[in-house]
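Place chains B, C and D with the ligands on chain A using the hints.
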Amino acid sequence: MEDTKGGSGANLDRDRLCAFYRHMWRIRAFEECAIRGAEAGEVFGTVHPSIGQEAVAVAVCGNLRRDDILLSTHRGHGHTLVKGADPYAMMCELLGRAEGTCGGKGGSMHIADFGIAMLGANGVVGANTVIAVGAAQRLKKLGSDRIVACIFGDGAVNRGTFLEALNWAAVRTLPVLFVCEDNRYSASTRTAELTAGEGAAARGRALGIETAEADGNEVPTLDAIAREAIARVRGGRPVLLVTRTYRLTGHTSRDPAGYRPQEELAAAREKDPIRRCADLLRLAGLEEAELAAIEAEARREMAEIYERARNAPWPRRDLAYTDVQDVGAPTERPY
Amino acid sequence: MEDTKGGSGANLDRDRLCAFYRHMWRIRAFEECAIRGAEAGEVFGTVHPSIGQEAVAVAVCGNLRRDDILLSTHRGHGHTLVKGADPYAMMCELLGRAEGTCGGKGGSMHIADFGIAMLGANGVVGANTVIAVGAAQRLKKLGSDRIVACIFGDGAVNRGTFLEALNWAAVRTLPVLFVCEDNRYSASTRTAELTAGEGAAARGRALGIETAEADGNEVPTLDAIAREAIARVRGGRPVLLVTRTYRLTGHTSRDPAGYRPQEELAAAREKDPIRRCADLLRLAGLEEAELAAIEAEARREMAEIYERARNAPWPRRDLAYTDVQDVGAPTERPY
Amino acid sequence: MPRITYLEAGRRALAEEMRRDPDVWAVGEDLGRGGVFGQYRGLLEEFGPERIIDAPISENCILGSSVGAAMTGARPVVEMRFADFALCAIDELVNQAAKARYMFGGQTRVPLVVREPVGLWKSAAAQHSQSLEAWYVHVPGLVVVMPATPADNAGLLKAAIRCDDPVVYMEHKDLWGLEGEVPEEVAPIPLGTARRARTGRDVTIVTWSAMVHTATEAAERLAGERIEAEVLDLRTLWPWDREAVFESVARTRRVLIVHEAVRVGGFGAEIAATLAEELDDRLAAPPRRLGAPRVPVPYSPPLEEEVRVSADRIAEAARALLRS
Amino acid sequence: MPRITYLEAGRRALAEEMRRDPDVWAVGEDLGRGGVFGQYRGLLEEFGPERIIDAPISENCILGSSVGAAMTGARPVVEMRFADFALCAIDELVNQAAKARYMFGGQTRVPLVVREPVGLWKSAAAQHSQSLEAWYVHVPGLVVVMPATPADNAGLLKAAIRCDDPVVYMEHKDLWGLEGEVPEEVAPIPLGTARRARTGRDVTIVTWSAMVHTATEAAERLAGERIEAEVLDLRTLWPWDREAVFESVARTRRVLIVHEAVRVGGFGAEIAATLAEELDDRLAAPPRRLGAPRVPVPYSPPLEEEVRVSADRIAEAARALLRS
Ligand SMILES: Cc1ncc(C[n+]2csc(CCOP(=O)(O)OP(=O)(O)O)c2C)c(N)n1
Ligand SMILES: Cc1ncc(C[n+]2csc(CCOP(=O)(O)OP(=O)(O)O)c2C)c(N)n1
Ligand SMILES: [Mg+2]
Ligand SMILES: [Mg+2]
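Chains as they are written, first to last, in this note's numbering: chain A, 3 to 337; chain B, 3 to 337; chain C, 376 to 699; chain D, 376 to 699.
With the rest of the complex left out, here is chain A (with noise of 0.2 Å):
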């Protein structure tokens, strides 16, 4: 996401929020080629939509250098997207093919690129933040300025995890942005009933972590704020960027999500990020005609992508047994 860096604060230009627009529409055509693959029973594994938290990816992720590291969720398309993933590779991952990310071994839930630095997204709510912890004392120890973002729910706060996770990088002051994607639901669960005392900002600051709180659906002070905490997170310490958001569609993709209030929904539909990104742009200028064809083109490239990738070789079924480990490999079949 190149083409992002220039902008300066919640000023955000035109250009800049110009990319970030196409982004969004590129992650929400991707995820909505993956949900109808799904439906079609082409994507095998559970797809989880991040549909309406866009902002949060493009915000954080197009702030990232290709050399940061990210770690992600099973909610992480975007972010993956955003950080510099192929979607070609992405979409193959999903489609099961061997041209996938991660070769058909791992699907939408385990969507890794270690060539821009991006380690994975994780099955496991929580399992990411010990993670991240560890590859930001990695990166300290080799004296690097690269930093680690590592992206959850609200659920994920929770988990015990976070408090080890935040602890440690407080007190070794660890590069670790720490980005609480705050849907509102841990799946069917609205998460605030199940959330005790103020939720993950207030955790984080009795955690001795510097803590910042943001809308997550409006781009330009999201960006501002994302950039802001990752020059700290930059400048050597761990910082907690707790976003708002809310998740526009189900739990999966094959979730109808019958347990949210028709309001809530179509009040968060007012408050889309793509919509408010849009009508920014108008107030900046941009025609009718210019916004579509951004959204014509994202839906084109996801569409072909689709096309190509469901079009592609199935993995070899002799890859079942590599990489498992060195020593102690299976060798052969064993039965």
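Just so you know, not all the hints are guaranteed correct.
[Said to hold, decoys possible] Covered by chain B, according to a simulated footprint, are these stretches of chain A (three or more residues, beta-carbon under 8 Å):
| # | stretch |
| --- | --- |
| 1 | 91-97 |
| 2 | 157-168 |
| 3 | 196-202 |
[Unchecked claim] A few chain D residues facing chain C, derived, Cβ under 8 Å:
| # | residue |
| --- | --- |
| 4 | Asp466 |
| 5 | Gln502 |
| 6 | Gly516 |
| 7 | Ile602 |
| 8 | Val639 |
Calculated from the structure, these hints are not laboratory results.
None of these values were measured; they are calculated from a predicted model.
For each residue, glycine too, the CB sits at the ideal point set by N, CA and C.
Relative to chain A, chains B, C and D with the ligands alone:
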């Protein structure tokens, strides 16, 4: 500890203070016997003495009802004794005898006495907090006014279970008194060096738990604060009580604790809760002879108990196979 | 007899136990909405939020608090969602639940049921597909149950709930939709009793969970070749029904043990070793085992297929065994 | 050759590896003070707090952070203090460390060594005495090493540190003080190679860790009765040295597998089942296993003695095997 029930706040009456003094000496005498037993090779497993921390045991457990539930740690002799366990059965347990609280199966780290609702010491740091939450949930469901007291060390607040347990207790408003016995060390480590932020109390507050702090070596105030905290918990909500104390021995009876600065130890000795309590009793008019008699009586009691216990019978070997489980229990020697 | 699904059978059994015994409650994430698979559907409405307890994502506390509740008289049914996430609560299960009764000299019991859905299921990949029953069999104090049919999922769940010790109860995710006959009144099935899923004289296939169906399919194929395979569904892994297995194997003189879990160090090894040790003179061929290769579960269908124990492979192994 | 203790051999090997490779670091509780048993003594002084890393009591983070460090080029040696506490970090070990390489399609490796001191030791009771090696053997992606002698604790620790995949490295607490000859220059010992601890022609005892010494003691007793037992020290459980075991057993035609862990579902079952399956025609008697009864480890010495696999019992089992 029925005899300490009468007092009123910090204006501790002389009898009540005397009773605390006696119980502190009983704990210390018990543990001194246990340490000598370990040195003599008669007490087998590891002994973690609470010498210097007796005030917490008497103030917290002395204010519990007999039917209140207690969960303790590896350093739990004092808590258990004050809760009302029979010191002979406890000593037998340390010596691995049949009449031990657990029939010799548990040892010092697993003393439990369900007859007085003492649900166990625990060999895993931080594991008792989550167990406490479930016991409290059960009590609440029963509509009982019993409460759960869960005591743990300053090291335990860095384990994830601390967050999970306190969050849950707060969300469900469960009657748990969490007591952090902050003796400044986790084994050979100064806990503060590895604990970020303001420590236990700040974490408790961030987790939505009412939190009190107290000098853990000053019986009268601690008594008042513990009583107040217990009353609130009995009223139906969780409280965290952080007590600041000091471990006057090594981590275990075998640990010379050379990692502690001599001055620190000397200063801590000045604040020995038993000494401070004696001073108060002198002010209250107790004679030296009376003080000496209390100490002597406690020592005599425990020495006699130790002697009886070390002559007590061993468990029968076939008891190694009982109380594993009902279905699928070991019915035969497997070799 | 009415036909219902495996899922519905479990749901009903739980509801019946909760009606029978007010000390039974269920706890886990998203239970109020019916659980991830719907296996708790409607229970919140009937039993209320104090008995169908929604938990934060905090596996240590879900399982650990259940130990405390069980020690004070509750009988918690603990939902772990996927067996893989139970790994976040292994200390509570193995160091606490399994040991408390013994460690405390018999002063307490820990009657809880830990539900851990296992197995391969729709490209769920490495962190949502494990079958680690062998671990729990190795842990003193635990009972291990793995139902294969709707009727058994009702009868065994009831028995597990009534058991006074911790039970690891592993449903197979691929079986939720399986239909079968379940009587209106389900009695608890004694833990530790196997079920003969198919009668045969030539070879005994000892298996459990979803593999019972795969093995039965293989047996039917073999029947076309005049090989009659007996299929024993172990149902309970600890304790396992040695009598039933010994009786059958003594008769057929050949035994193939089949499980979906990794073959190396799987529970099949325990059975095979036991049979080799104790039934050697009655065996016409050494016990054989089938299981997954020692690789994490891959995502892509052809790879997943490759590591799956299939009816083809079972039939092939049975034929080889008969030739030996 | 100089004689040093098992503990000192491990300490030296770690120091040498740390000198050789700046990416190696150690992390765990109380390491700065030398570790619980003294196995890190003096290392802080030489390598400083960035490489001898004191950790808060937070097993999830100790192990989990090591996964992150290993994926970015460090080679962490992770101290778990007692194998029992590793249960607090099983998700990080099994769901993350063991699977990352595979799940991510070979893009990364997780070269870490998890040190998990195991075994019975001075009435340490149920939560400080477990030997769960069988679990790890069952988990794809892990290497499992259990040294029995000072020389092996040096050579195997070096090999484990140089291994590019996660290694569970289990020292036995009862061996820390054991003295033995260790060369000045220790070479890494290839993982997966057994060691013949004693030569014999009548029966092969396959074992590992502290039981190697107990078995050797038993073998010496048996020698007085003109029974010559061969003792094979497996050293690495995964991969295990099938060739060495097969060669020895094919020669002696009788095999007894001995481990301190619970017998049911122990790693002995895997070896016994494999030998029964693959070496049946060479065996004069079926493979036999010795292990602990399926009970938690009790505290009191007579009870602990009762569940211990002793030299007496090994000798008795070997005699019975020779009669059969
Ligand atoms: C340890 C663990 N427990 C449970 C789950 C099942 N699970 C997957 S996603 C999810 C909800 C997570 O909520 P949140 O952290 O808010 O992230 P979101 O899905 O909203 O992005 C749950 C409970 C899991 N993957 N890991
Ligand atoms: C999960 C776990 N990790 C490590 C240990 C080893 N250990 C036993 S006591 C102890 C120190 C505990 O410190 P703290 O909680 O302050 O209690 P204290 O010993 O000071 O009473 C440690 C690290 C353990 N028992 N459990
Ligand atoms: Mg969420
Ligand atoms: Mg402490």
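Right, here's what the structure says about each hint:
{"no.": "1", "hint": "91-97", "result": "violated (count 0)"}
{"no.": "2", "hint": "157-168", "result": "holds (count 8)"}
{"no.": "3", "hint": "196-202", "result": "holds (count 5)"}
{"no.": "4", "hint": "Asp466", "result": "holds, 4 Å"}
{"no.": "5", "hint": "Gln502", "result": "holds, 5 Å"}
{"no.": "6", "hint": "Gly516", "result": "holds, 6 Å"}
{"no.": "7", "hint": "Ile602", "result": "violated, 20 Å"}
{"no.": "8", "hint": "Val639", "result": "holds, 6 Å"}
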